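Asks: Sequence:
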Amino acid sequence: MKIKINVVDAFTSVRFKGNPAAVVITGKWLSNEKMQEIAAENNLSETAFLVEDDTGVFTIRWFSPMTEIDFCGHATLASAYVIFSENYQLSHISLFAESVGMMKIVKKDDGFIQMDFPNRMPSPVSEVPEALLQGLSIKPKSVLKNNQAYFAVYSDEDDVLSVIQGSEQLKTLAPYDVVVTAPGSQFDFVSRYFWPANGGDEDPVTGSIHTGLAPYWAKKLGTSKLMAYQASKRGGTVKCEVTGDRVLISGQAVSYLEGYITI
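If you want our numbering, it's the position in the sequence shown, counting the first as 1, plus 254.
Please keep in mind that the hints were generated in silico from the structure rather than gathered at the bench.
Values in this document were obtained by computation on a predicted structure and should not be read as measured data.
Treat the hints with care, as some may be off.
Claimed, not checked - For lysine-lysine, the following DSS-like pairs were computed, each having C-alpha atoms within a straight-line distance of at most 30 Å: (1) Lys-288 - Lys-425; (2) Lys-282 - Lys-258; (3) Lys-399 - Lys-493; (4) Lys-282 - Lys-358; (5) Lys-358 - Lys-399; (6) Lys-358 - Lys-474; (7) Lys-479 - Lys-393; (8) Lys-362 - Lys-479; (9) Lys-393 - Lys-474.
Throw the hints in and build the complete structure from the sequences for me.
Replies: Spelled out as structure tokens, the structure:
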């Protein structure tokens, strides 16, 4: 049995930058075991699997090489890019995920794809886990948390660029990951994302975490529209807009691979 697969670099217009994700669209769901095997074989941070229903809504699920995850922004962007590329007449689509609900995706005239996600504003923690402090080489100024990750906030962009993570310590924070962030010099804010317990040491560009970063920095900086940069080795730019209980996350994408897998 052959199944079409695409690999797309998300949150970038330059191939080999941003965050690569595999996209597999099928007529019916593969087994959970088979989807996990495919994601492990792909060995990318995420593989997205999608099935379209009779009304044109795509249900999406995301798998890292290790496990199914509840939300992935860059693989959602990659999936939308594939759907729009194969259906030029479409300007918007709807995706559904059990953990996130309905997501409206719009193809913008400027080449960006805009995704409508829930606002996941983080809250201050009453007690900072010792594993977090031990797992970051530079002590953060403050620490917050939402249902996805701990937010280690720094006052200087250089701290975010320089901090070294201890994956063994940060692993013990599972199921939470860790994002480090600070105001940026050329962008409104910068970040890096560590997730050793769920997929890999550092994620290149993480769309989902910007549903927490954007509302946090929007409040701190007094603006609802922000440009963000995730300062990984590959790097990526994320356009954000906070609209009440929703966060609009926009990015560009570029195709790397189109082919077939045999199962």
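Asks: The structure should be examined with respect to each hint, and the outcome stated for every one.
Replies: Hint by hint, here is what the structure shows:
1. Between the alpha carbons of Lys-288 and Lys-425 the distance comes to roughly 26 Å, so the proposed pair stays at or under 30 Å and holds.
2. At roughly 13 Å between alpha-carbon atoms, Lys-282 and Lys-258 fall within 30 Å of each other, so this suggested pair holds.
3. With a CA separation close to 22 Å, the supplied pair Lys-399 and Lys-493 stays within the 30 Å bound.
4. Between Lys-282 and Lys-358 the alpha-carbon distance is near 22 Å, which keeps this suggested pair within the 30 Å criterion.
5. Note on Lys-358 and Lys-399: the hinted pairing holds, with a Cα-Cα distance of about 26 Å set against a maximum of 30 Å.
6. Between Lys-358 and Lys-474 the alpha-carbon distance is near 27 Å, which keeps this suggested pair within the 30 Å criterion.
7. About 29 Å separates the Cα atoms of Lys-479 and Lys-393, which keeps this hinted pair within 30 Å; it holds.
8. Restraint check: the Cα-Cα separation between Lys-362 and Lys-479 comes to about 16 Å, which is no more than 30 Å; the hinted pair holds.
9. Taking the CA atoms of Lys-393 and Lys-474, the gap is about 20 Å. The hint holds against a cut of 30 Å.
Hint compliance for this structure: every hint is met.
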